[in-house]
Amino acid sequence: MVDDELYREIILEHYHHPRYKGALPDANLTAEGMNPLCGDELTLYLKTDGDRIVEARFEGRGCSISQASASMLTEAVQGLTLEQAKALQERVKAMLTGAPHEPFDEDDDLSALEGVKNYPVRIKCALLAWTTLEEILKR
Amino acid sequence: MTVETQTSYDVQTIRADFPILQRRVGGNRLIYLDNAATSQKPRQVIDALVHYYENTNANVHRGLHTLAEEATEAYESARMKVAHFIGAEPESVVFTRNTTEAINLVAYAWGLANLKAGDVIVLSEMEHHSNIVPWQLVARITGAKLRYVPFTPEGELDMDALERALQQEPKLVAITHVSNVLGTINPVEEITRKAHAVGAKVLIDGAQAVPHKPVDVARIDCDFYAFSGHKMLAPTGIGALYARRELLEEMPPFMGGGSMIRRVTHEYSTWADIPTKFEAGTPNIADGIAFGAAVDYLQRIGIESVQQHEQQLTAEALRLLEAEEDIVIYGPRDPKRRCGLVSFNFKHVHPHDVAQVLNQRGIAIRAGHHCCQLIMRRLDVTATARVSFYLYNTIEEVHAFWKALDDVRKVFGKYGGR
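Those protein sequences? They're chains A and B, same order as listed. Take the first sequence: its letter number 32 is residue 31 in numbering that gives the first Met the number 0, and every next letter is one higher. Take the second sequence: its letter number 136 is residue 135 in numbering that gives the first Met the number 0, and every next letter is one higher.
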């Protein structure tokens, strides 16, 4: 098998069956992300009630890593407070950039993204959704 | 496989000149199919760099000592080789960093002096960003307007649309000779003739043409022709602009500094003769000299032979990919209408993933928008995969690439790759 560490089963599974893909017309927080190097595009939609995310969705076109990562993100932030989402975003970013962070449990889908850090060119792909979330949370 | 290539030179002998082709990547012998991005360099070019730094390193066009004389002689002799390679006189060839800088030189030096509000610049939708963005910048300053000629579904320039654009009497038509995504060879002689008939100047982006096919700027009759050394066996950081002599003489300088002046007073300066007028400061002497060595290398083999060899590799790649139901090919199907590259996509796999999987076999291909977002938009994709060949690639490498596509299917296949 090629690139086991990168193309983890769970990544391919999210890529082919993205969890929350599609527009969210009543979203109150939206941001667009783009990776100018490879042309990957992503729109992230959040619908919040107070400071809680009640629904998250994404639309986009890109490689398996960027799309799987976006799918995992939308799944992981459903129901989180904005503060919790911010903490999660920082934790994933630290994992992908090799900074100190609290590791994810093996049965957490997000742990599958860790292998990406060994493929420097692909880190940006995995980060796209998370930097787009960062944009939203900065506001 | 029984396909044989009929190449007038011995490819294995050529390969022995390229040290990097011995490299292994992930345990596999490197198969380098990213030549449209940059070519590999033969020993002869690397030696020219080393020889210059070890024996004749000195600044050019100044100094009376032996080394300065030798360096100047080598640099100017390289200019002559590069000029003759495209059918030009050396005075008409300005050394630049690359094609991008050559086009920017024309945009700023010629464009700012000759374009005014409302003037039309005609480009095509198959241009590389380097032949779009400089014109957008200059259009913003001058108020000139950009008009884009689309390409047909077959990936050829829409000549009817070009004719319509020419009716607006543009000041400039700037078109690529060969598309770095579609591989299309544009009819630059016909385009130039028609553009001149309405009084437009013509710039040809030759970055993907000069390395791969015979180019004669006198025959094309264009006003400007830009190309890069690094895609034709020379080092990075050296390229060239051909411009019609009278235009170079009329145009104001692009950058000011040493070398490019005749006399400097407190208030004003006068300019050196062409092409020095456009080469401010200490030029890229070593890479310029190595550019000359690269041209020597290509001329020894014969650029026609290189083109013929690449055409066979391209025909084989097209034949193999066309038979694959899960693959889409972009650009003209006739290998004679294109240069040695093929862009393609798996219907269900992103090109980055294709490139990543092939890399595990030591196969280097390009995936991305190739600095051609207008093409991507027209093809309705965000990126494509691309294989691009050069004189040292073999038919066996084309086959190895094709077989490795099965690895892509193994990773992604069960989810609908095939």
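Treat the hints loosely; a few may be bogus.
[As the list claims (entries may be wrong)] Sample of chain A residues at the chain B side, in silico, Cβ under 7 Å:
| hint | residue |
| --- | --- |
| 1 | Tyr6 |
| 2 | Arg7 |
| 3 | Asn34 |
| 4 | Cys37 |
| 5 | Phe103 |
The set of hints was computed from the structure by calculation and includes no laboratory data. In this text, a Cβ means the ideal position worked out from N, Cα and C, and glycines have one as well.
Minimum beta-carbon distance criterion (7 Å), cysteine 37 of chain A to chain B: holds, 5 Å
Per-residue hint verdict: phenylalanine 103 of chain A, partner chain B, C-beta under 7 Å: violated, 23 Å
Hinted contact tyrosine 6 of chain A with chain B - closest CB pair below 7 Å: Holds: closest Cβ of chain B sits about 5 Å from tyrosine 6 of chain A, inside 7 Å.
Hint check, arginine 7 of chain A versus chain B [nearest Cβ-Cβ separation less than 7 Å]: Check failed: Cβ of arginine 7 of chain A comes no nearer than 11 Å to chain B, outside 7 Å.
Residue hint asparagine 34 of chain A, partner chain B, criterion CB-CB below 7 Å: Because about 9 Å separates asparagine 34 of chain A from the closest Cβ in chain B, which is outside the 7 Å limit, the hint is violated.
Consistency note: the structure conflicts with the earlier hints numbered 2, 3 and 5.
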